[in-house]
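A.B. asks: Chains as they are written, first to last, in the working numbering: chain A, 245 to 602; chain B, 245 to 602.
Keep in mind that the hints are not guaranteed to be accurate.
Label pairs and their in silico Cβ distance ranges [claimed, not checked]:
#1 543(A) / 256(B): 43 to 53 Å
#2 272(B) / 404(A): 45 to 55 Å
#3 467(B) / 599(A): 26 to 36 Å
Worth flagging that the hints you see were computed from the coordinates, not collected in a lab.
Backbone N, C-alpha and C fix where the C-beta goes; we use that ideal spot for every residue, glycine too.
2 protein chains.
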Amino acid sequence: MSGRDVPIRQRALRSHNLAVVLRHVADRRGGVSRAAIAAHSGLTKATVSAIVDELVAGGLVSFSASADNGGVGRPAPRVTLAGARPVGLGMEINVDYVAACVLDLSGAVRHRQVFDSPPLAPAAAVAALASLAENACAAAQSEGLTIARGVVAVPGLVEGTTVHLAPNLDWHEVTLPASLAGIDLSFGNEANLAALGELHATGLPSFLYVSGEIGIGAGIVFHHQILPGTRGWAGELGHVTVDPDGRACRCGSQGCLEQYAGKHAMRSVEEAASALGVALSSAVNLLDLPTVVLGGHLAPLAPLVDAELRGRVLTAKWAPPTIRASTLGSDAAIIGAARTVTQAIIDDPAAYLTSIRA
Amino acid sequence: MSGRDVPIRQRALRSHNLAVVLRHVADRRGGVSRAAIAAHSGLTKATVSAIVDELVAGGLVSFSASADNGGVGRPAPRVTLAGARPVGLGMEINVDYVAACVLDLSGAVRHRQVFDSPPLAPAAAVAALASLAENACAAAQSEGLTIARGVVAVPGLVEGTTVHLAPNLDWHEVTLPASLAGIDLSFGNEANLAALGELHATGLPSFLYVSGEIGIGAGIVFHHQILPGTRGWAGELGHVTVDPDGRACRCGSQGCLEQYAGKHAMRSVEEAASALGVALSSAVNLLDLPTVVLGGHLAPLAPLVDAELRGRVLTAKWAPPTIRASTLGSDAAIIGAARTVTQAIIDDPAAYLTSIRA
Chain A
245 MSGRDVPIRQ RALRSHNLAV VLRHVADRRG GVSRAAIAAH SGLTKATVSA
295 IVDELVAGGL VSFSASADNG GVGRPAPRVT LAGARPVGLG MEINVDYVAA
345 CVLDLSGAVR HRQVFDSPPL APAAAVAALA SLAENACAAA QSEGLTIARG
395 VVAVPGLVEG TTVHLAPNLD WHEVTLPASL AGIDLSFGNE ANLAALGELH
445 ATGLPSFLYV SGEIGIGAGI VFHHQILPGT RGWAGELGHV TVDPDGRACR
495 CGSQGCLEQY AGKHAMRSVE EAASALGVAL SSAVNLLDLP TVVLGGHLAP
545 LAPLVDAELR GRVLTAKWAP PTIRASTLGS DAAIIGAART VTQAIIDDPA
595 AYLTSIRA
Chain B
245 MSGRDVPIRQ RALRSHNLAV VLRHVADRRG GVSRAAIAAH SGLTKATVSA
295 IVDELVAGGL VSFSASADNG GVGRPAPRVT LAGARPVGLG MEINVDYVAA
345 CVLDLSGAVR HRQVFDSPPL APAAAVAALA SLAENACAAA QSEGLTIARG
395 VVAVPGLVEG TTVHLAPNLD WHEVTLPASL AGIDLSFGNE ANLAALGELH
445 ATGLPSFLYV SGEIGIGAGI VFHHQILPGT RGWAGELGHV TVDPDGRACR
495 CGSQGCLEQY AGKHAMRSVE EAASALGVAL SSAVNLLDLP TVVLGGHLAP
545 LAPLVDAELR GRVLTAKWAP PTIRASTLGS DAAIIGAART VTQAIIDDPA
595 AYLTSIRA
């Protein structure tokens, strides 16, 4: 082995092993002994102990006493995700509210704030986000927590810090700040982040999440991962054509779902459910997803939509898709946004541990 | 390190390193020196030499002389994918032909056979596949090649060896044999496999491939990988609704794309292109794919479809999707099917090397 290769390979191995151990701890909500981590990972007990010590020092895991060891010997301490230290900030700008929450590594919501608000112009939205972020920081500090990073959900087409289009906020090519209140921010599509929130809450591995507001968006989840598309713009269900010669849409097309089932566009529940059923059938025919989760004002349409799906989905005869209402309601996007932060720490603890030493 | 852990970890490391080296060789069509593999992988030169020797012994790579070494010293031999030894068999049952091809690890077609044929009943199709497989075996043997495995493309819903439904063959719940002519077979959807063939031919990373026959199917490719859906049934573009109250489809629904743009259903090119444009716009809005590849009789519709996409895709203003004709035509599915076999060997050479020693 040449001298040059050694540090590169050892760093990669350490990162990998840190992530393996932390992910195993994250998967076992009740905690897990170091011996069990060693048996699961194939790592030696000495290696596991060293890794756990490093994770404890970084505030990512902590020990809790084991209640029961089957009566033999001293109970082994269990390793659990730390409720303390690094937490994620999730925020949302939407058409009738702005909101924020703080999520810890164990998935618990440690702070939540929601303001009703009319659609905000960009400058007012940034001021609202700054205020939400400051409040979240203060709340976190008072509990001994540190916000690692923030993610902001926006109902539109986002690329980096630019919102190309958020039609229902009337935003066009708006650039947002990369940090507020000392917290680094990134931005994402509201429906995609809400889908992550539902994933967090339900554990469903694969589903289509439909965000029902004035606009309609969707988030696609396969095997516990968001399918973002090539530019993060997947899931524009609201602009699926349900009637090629139908009503004009503000996007410039005709017969978009949003013009039949959007919160303000709905004329009758039957028409909205039928249009939603047509668009969802097309989505399920293309994506082969077993479950559709309906959010917002669309949730009560589930039974009517179900009938449409059974008639229009080619594979419904073998495996009809299941329709259910959202679990988190309008908190889905802020929880998904905050989870993006905590999940990144769990997936790559070495990067986080390096960042806090810097 | 406990005794029990050692062999498990060493086996995993060996598999990993074999795959890293073979994939690097596969990515460099012109061959690559062992020193360059070491520099790329971070492995020592001694480790790389041992791995290359093992891959040569298994017939997966071979050495070719380097033409030029910059004039300094003896030219280093270059490692290339072996044209010899393990090859993949791809076969297809379709509505008006049956076909087979043999692909080697370097991606070259070493044998190809196509028979025109009316839609075959299951027993006749199995007999045709057996004959194609025997001919492919004989052709492979005469060139010193060994067929590792075969994959068969079927225009329908496939699960294991069962075809639940192939509407245009009039097949319902047909079970196919798991081997023929001594070759282990698996089965897949024709459009998905044709998409893999286009991926192989074009190198486009992300696209929607549309298979235009009597039925219409699609294969979704993201970042060089097929998106199969949760049961392998994704891409049923032919059953996307383009007119909710439109023509009855044999699937039981109404207004399916297949009834407007299928080879036998087409009434006018304008109507077919408009329907295809509506369905593709919905697909691009949902999937955020930059490119659409049209196969079969749909390829000439590209310019008309383009106009429809520009009007109906929300993000077309920033990044209009590109439409192009299929490169491989009706060979796409057999090449994609055969590539499934060769790619599996490249991705996990350890499993293949174990299998030939058994």
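A.B. asks: Going back to the hint list, which numbers does this structure go against?
C.D. replies: 2
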